[in-house]
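Visitor: The sequence shown: position 289 = 289 (this note's numbering), numbered continuously.
None of these hints come from the bench; they were simulated from the model.
Nothing here was measured: the structure is a model prediction, and the numbers come from that model.
Incorrect hints may have been included.
Within a straight-line C-alpha distance of at most 20 Å, the following computed SDA-like cross-link-like pairs (lysine to any residue) qualify [to be verified]:
1) K220 / H257
2) K311 / K247
3) K270 / T189
4) K204 / Q261
5) K247 / K291
6) K149 / V137
7) K335 / R153
8) K247 / L145
9) K311 / Q294
10) K220 / S264
11) K220 / K247
12) K220 / S210
13) K186 / F267
14) K220 / L194
15) K108 / V340
Here are the simulated distance ranges between beta carbons [unchecked claim]:
16) S215 / D248: 42 to 50 Å
17) S264 / A101: 50 to 58 Å
18) Q185 / I252: 22 to 30 Å
19) H257 / H99: 43 to 51 Å
20) E55 / G92: 46 to 54 Å
21) Q199 / G343: 48 to 56 Å
By construction, the Cβ of each residue, glycine as well, lies at the ideal position given by its N, Cα and C atoms.
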Amino acid sequence: MAGFQLVALDTTELTPEVVAMVELSAFFRGDGDIGDMPLDRDVALDTYIAQISDEGLKADYQAEPGIPEGLMMEEFRAQAAAAIEERCAALGEHYPFSHVAPGVIVRKPIAEVTAVGASYIALQFYRALHANRVEIVGPNAETILARSKQFGRDFANLFECIAGYAVSGRENGVPYMTSTSRSAQKFRTLLFHLCARIQSGQVKEFEALSPAQKSTNDGKVDCFVHVGGLPVDGATIIYLVGATIQKDNIDIKIMDHGKIQSVSDFFNIKPATFHGILVRPCDENALTRDKCVQNRCRLFSYDTIWQNMGKRDGSPYQTRALHRLDRTTRELLKKFRQAVYQGDYEEFRLDAA
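Work the whole structure out from these sequences, hints included.
Guide: Here it is, written out as structure tokens:
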């Protein structure tokens, strides 16, 4: 991934993409201020005044634009401060910034940014990019397209880890990633470790697997999350997580009955009850929600992800599993290290921070 720029705003409506812009600027520059965001103030002010219902007040503001402009920016800053505080509270120690003043954040030293914190920034870049608030730059259209596609491929891999953080955080569970599984033998070994951890279940011998099972790498599951104690202690659930950044054809990632049964067929004795979760870095929409409901698959959308990816219950098993996930995540994050933020007449590089 190479250079990128922020796209100027034409409104002071605070959206998640605007928060992402402030955070991206701060992450690369070292600090960020909502007041420094690229903004077409004339257009934004016209929109702000047009929303006023009192015609007399509207006329006064049009005659003295300095007054409504000050009010507009004051409201913008207050909304940004509230949004930043919400994210700071949700991510806790993993939020890569300190909120030093309303709408102003300062990045922690790079060495102190956790794997979760850096992954959150990648998530925010994806969010801003797909809302057309960020532009990837290059010498020509062909290069820009190639860089955009490369980011998509790299982020898709990283997003599986983000999904692991979010689901394990939301459910107080222990994540087992399938990303390192490159054969049916390795996938079977992962299932064996899962059974050993839960002290329940029995994985089929490799020779007993069907030809289709012997050709799989991951059972079409991106992450298993074990929730609860041992089966003898009460309810134990294993979530089968599908993570995707696709906007279309998401049916192939929904953990429906067929996919759950396919994984169940790897066992002589299932270790626990299986349930499905679909994780997508987008806002929830009725179509996706209804498809998940029909297939008894839970849905984690953008807000659910960032609100939970920093949560950890501190248990030894979860802590060890998350340390493994952190190592995998940091390895994937190396591909984003060369990104360059092209600000006003200056470039900001992470490798120089």
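Visitor: If a hint holds in the structure, say so; if it doesn't, say that too.
Guide: Taking the hints in turn, this is what the structure says about them:
no.	hint	result
1	K220 / H257	holds (13 Å)
2	K311 / K247	violated (27 Å)
3	K270 / T189	holds (15 Å)
4	K204 / Q261	holds (14 Å)
5	K247 / K291	holds (14 Å)
6	K149 / V137	holds (13 Å)
7	K335 / R153	holds (11 Å)
8	K247 / L145	holds (18 Å)
9	K311 / Q294	violated (29 Å)
10	K220 / S264	holds (12 Å)
11	K220 / K247	holds (18 Å)
12	K220 / S210	holds (16 Å)
13	K186 / F267	holds (15 Å)
14	K220 / L194	holds (17 Å)
15	K108 / V340	holds (18 Å)
16	S215 / D248: 42 to 50 Å	violated (26 Å)
17	S264 / A101: 50 to 58 Å	holds (54 Å)
18	Q185 / I252: 22 to 30 Å	holds (24 Å)
19	H257 / H99: 43 to 51 Å	holds (45 Å)
20	E55 / G92: 46 to 54 Å	holds (47 Å)
21	Q199 / G343: 48 to 56 Å	holds (55 Å)
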